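For chain U, the structure is supplied; the task is to place chains G and F on it using the hints.
As a plain string of letters, each chain reads:
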Amino acid sequence: MSSVRRGRAQRSNRPGDLKPPVNGMGDGDARREFEERLRVWEFTTLRDALARHPERRETFVTTSSRPVKRLYTPLDLPEDAAARIGVPGEFPYTRGIHPTMYRGRPWTMRMFAGYGSAEDTNERFKYLIAHGETGLSVAFDMPTLYGYDTDDAEAKGEFGTCGVAVSSLQDMETLFDGIDVGAISTSMTINSPAAIIWGMYLGMAESKGVPWSDLRGTIQNDILKEYQAQKEWIFPPEPSMRLVVDTFEFGSRHVPKWNTISISGYHIREAGATAAQELAFTLANGMEYVRWGIDRGLKVDDFAPRLSFFFNAHNDLLEEVAKYRAARRIWAREMRDTFGARSPRSWVLRFHAQTAGVSLTAQQPEMNIVRTTVQALAAVLGGAQSLHTNSYDEAYQVPNEKAVRIALRTQQILAHESGVATTVDPLGGAYMVEALTDELEEEAYAYFDRIAQLGGVIPAIRKGFFQQEIANSAYRYQREIEDRERTIVGVNDFVVDEQPEVEPLRVTEASYRAQLARLRRTRKMRDARRHERALDRLRKACEGDDNTMPLVLEAIKAKATLGELCDVMREAFGVWEEPLLY
Amino acid sequence: MRERVPPRTRRALPGIRDLVKGLRAGDKRAAGKLISLIEDDEPEATEALAALHPFTGKAHIVGFTGPPGVGKSSLISRLVREFRERGKRVGVVAVDPTSPYTGGAVLGDRIRMTESGTDPGVFIRSMATRGHAGGLALATFEAVAVLDAMGMDLVFVETVGAGQSEVEIASRAHTTVVVQMPLTGDAVQVLKAGILEIGDVYVVNKVDLGDPESLIANLSFQIAARDGWTPPILKTSAPEGLGLPELADALLRHRDFLETSGLLRTRELSRAREEILENARRLLARQVRDLTSAGKRFEALAGRVVDRAMDPHAAAVAILRDATPKRR
Amino acid sequence: MPKKIRVLIAKPGLDGHDRGAKVIARALRDAGMEVIYTGLRQTPEDIVEAAIQEDVDAIGLSCLSGAHMALFLDVVKLLRKRKAGDIVVAGGGIIPEEDVPRLKKAGIKAVFGPGTPLGEIVAFFEKAAKGA
Chain U
1 MSSVRRGRAQ RSNRPGDLKP PVNGMGDGDA RREFEERLRV WEFTTLRDAL
51 ARHPERRETF VTTSSRPVKR LYTPLDLPED AAARIGVPGE FPYTRGIHPT
101 MYRGRPWTMR MFAGYGSAED TNERFKYLIA HGETGLSVAF DMPTLYGYDT
151 DDAEAKGEFG TCGVAVSSLQ DMETLFDGID VGAISTSMTI NSPAAIIWGM
201 YLGMAESKGV PWSDLRGTIQ NDILKEYQAQ KEWIFPPEPS MRLVVDTFEF
251 GSRHVPKWNT ISISGYHIRE AGATAAQELA FTLANGMEYV RWGIDRGLKV
301 DDFAPRLSFF FNAHNDLLEE VAKYRAARRI WAREMRDTFG ARSPRSWVLR
351 FHAQTAGVSL TAQQPEMNIV RTTVQALAAV LGGAQSLHTN SYDEAYQVPN
401 EKAVRIALRT QQILAHESGV ATTVDPLGGA YMVEALTDEL EEEAYAYFDR
451 IAQLGGVIPA IRKGFFQQEI ANSAYRYQRE IEDRERTIVG VNDFVVDEQP
501 EVEPLRVTEA SYRAQLARLR RTRKMRDARR HERALDRLRK ACEGDDNTMP
551 LVLEAIKAKA TLGELCDVMR EAFGVWEEPL LY
Chain G
1 MRERVPPRTR RALPGIRDLV KGLRAGDKRA AGKLISLIED DEPEATEALA
51 ALHPFTGKAH IVGFTGPPGV GKSSLISRLV REFRERGKRV GVVAVDPTSP
101 YTGGAVLGDR IRMTESGTDP GVFIRSMATR GHAGGLALAT FEAVAVLDAM
151 GMDLVFVETV GAGQSEVEIA SRAHTTVVVQ MPLTGDAVQV LKAGILEIGD
201 VYVVNKVDLG DPESLIANLS FQIAARDGWT PPILKTSAPE GLGLPELADA
251 LLRHRDFLET SGLLRTRELS RAREEILENA RRLLARQVRD LTSAGKRFEA
301 LAGRVVDRAM DPHAAAVAIL RDATPKRR
Chain F
1 MPKKIRVLIA KPGLDGHDRG AKVIARALRD AGMEVIYTGL RQTPEDIVEA
51 AIQEDVDAIG LSCLSGAHMA LFLDVVKLLR KRKAGDIVVA GGGIIPEEDV
101 PRLKKAGIKA VFGPGTPLGE IVAFFEKAAK GA
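In order, the protein sequences belong to chains U, G and F.
In this text, residue positions in the first sequence follow our numbering: the first is 1, and each later residue adds one.
In this text, residue positions in the second sequence follow our numbering: the first is 1, and each later residue adds one.
In this text, residue positions in the third sequence follow our numbering: the first is 1, and each later residue adds one.
Please note that a few of the clues may not be correct.
Claimed, not checked - Residues on chain G that point at chain F, a partial pick, calculated with CB under 7 Å:
1. Gly32
2. Ser36
3. Phe55
4. Leu107
5. Thr118
6. Pro120
7. Ala128
FYI, nobody ran anything at the bench for these hints, they're computed from the structure.
Predicted model, so just to flag it, every value in this text is computed and none were measured.
Beta carbons: idealized from backbone N, C-alpha and C, even for Gly.
Looking at chain U on its own, in the form it has when it is part of the complex (with noise of 0.2 Å):
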């Protein structure tokens, strides 16, 4: 079954062949001039300074080792520049997906937060709030990610450590204690047992009366990147694109302005792939999910609106831009002629960006401040509609609470003091960026044609293709510099001997018990029959076709725990296990 085709019809240029641009300043006399001047240039003014002065090395590279140019002139602008470019909130939305963009309102300041029990996370909800986050984001621990109640054997030594531990609908309560969901969105990084941790936000909201209809927020629920990063898998993949779709169909109809899925490139750019994977990658993933979601029956605009996106916001601004602007130019193109979507909602993709952790140093912690604007002032540029920032302690812990101030205060210096929100799209234009931005999407549909040549992204999954690809280039990475090719600073040049100086920030073992109490309680205090014919029927849900979510929510309500779910769902489907090692 052939997956992935390109939608536009004059797509001439084949991989590889990036002929040079021709008419970015029409074909006439202009271009002949520049062209001569800039021979002039080259064998007069830069000769000279050469001569004088030579570069500091042979080739220049960005962070994903692509090589950049000396100069990028008009004449790099695309044949049909002012099309392709276009103007914000139209098709292809290149330049943003509103036209107003952060002059109507600034990104959503959404800090991934998480650590110890609910009520230690709670607080720490709180705090940000007050400090003046405008979205929530929650981070779980381990157990939680892999579908394991608190008190798992598998759980040992991982409570809370990463992230929060909610095994249950009552801690999902404590979580949001105090906090007018119906009023502030919510985004959950969970995946592998997404579904599940969605209903218990369902369920919590309902005991608050918040009506569905008004919840906001995100499940991330891109199982696909799992198996090809960050590996918080559960089941394989056929069941688990099954629970990712059933997600979308109730969505769309009980939930409608909650987005059902985050499709990431976050996570596969920190395993360590280049901009161009990421790009890649993570559209291929979700033209996979739009390819599931319409064979189930689904009308993609049904669907499709509320598809999201989240992307890493990496060191080398220019290049990310450039991805930005490239991911909503194709993912635009693909909906609306490739997958026929009407309505325009379907085409937009809207973008949640975190910046790097993989960039954040041990050493000289605090420069991670510096690290952190400088990638969020990307993502920016970039137009994302909402950003997390990361602390500087974090090559050490969860962050402490002065380390996240300041990174939250970084996003509003941003969108306050710097002018860069003040006009929409302010490095449209530039050539360098709108270069960058046709080579990545040049390479992007490279890719799509390897992993259709492939099978598929799930076959591709199985061949280990983007774990290869992956891993290649994380080593790439580690080479330059361990050979000083790549400079970090503070790592392998402008080093100095001290001790970093972090406040630690430690799950108690308080918040240990008390997790363990809430946990012994609520299976306790059930009706044992409801909650044995609750799993019953969910059991049979998922061995049959039925959609998994309304007995999801009923076996929640029954005080079913997530590991007692996950263990239902793992035997019906099955456990994945990695395939190949590189």
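Just chains G and F now, kept in the frame of chain U:
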């Protein structure tokens, strides 16, 4: 130019007798250490192998060969579980290639056998070819002997799948399993020369990913009965556990066949011959190495070859005359 | 013939961030070592068992989820229980500075935080194989 790592100080080793005793009692640490001794070609290795030899000969040695990517590791992993359910103890020796440039290796077969990792009735050892040209390491079958002496009912040997590994495996294993997989697409599948003659059992794996029928037809047409045994052709799919009980049955049937037909002794004799020759080759090679590293005599001979006073063959004869196999 | 150094690289617990572990495995291979990479989701029992069967010189543990204290110490304890305490253990990942002394006292020979040059890690394992 990579820096040579100076020979490491040998960690204090218990005596060989203790190790063998431990091995016979099922101590995995002893097994691990014995295999290392042999792999590293320590002076005690000969003593160890001699001490083990009386206890070997009971395990059913099954070799798995087939191209890379065909799923040998996952298949073996499933097969181990199948035999464990039947109450058998299983050893696995998995071989991966050593990089000719760096001398290092990433041994990644174990990763697919994690479920069996802590099972007391299973022992898995990863080996690198360490420069040996075939798909096996020199020490592979000696490691098998260690596991045999330990009391394993079956020992699986997984090869790299390249080179002449099929031939090596076939000469040293009791049962040789050739694993293939159907090609996706229209390409006509060309089977590697030699594999059609050495397999005792043929497996077409990953049948969930492609249509196996034409490959199976191809194989059936070309595989002939040998010595009274018609190699079965089986379909398997490791993730679903499809075909595994049948494969286990086929292996057991082949073993029975070898015993009842008397072929087992024939094969054992052939194995013994191969092992003796292999040992002799190594002894000689060591002698030659020792002699040629001694320097002056060798240099003199080399000089004479260059001056055309002697041809290389005559020089080799001269060296060998000096090399009397000594008992170490 | 210099003896081959055998190292086990393992990811204990649920943490799935394996970029570093895989890069290090490759670097050790490039330095001429035999690396057994156990893959993800290993229990301390899995790791110790593998270390014993493979008779490795050293183990490298990687954990980025903050669960290192419990998991790394379990590995060391188990190794000692199985009389394999001579296998050298190093750890890496996201580990607060305060935890390092405690880890070392418990038997983790070295802790490699983010940014540690590969050369340093390679040198450590070379030394560990000789020393023990």
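Looking back at the hints listed earlier, which ones does the structure fail to meet? Going through the list in order, the structure violates hints 3 and 6 and respects the others.
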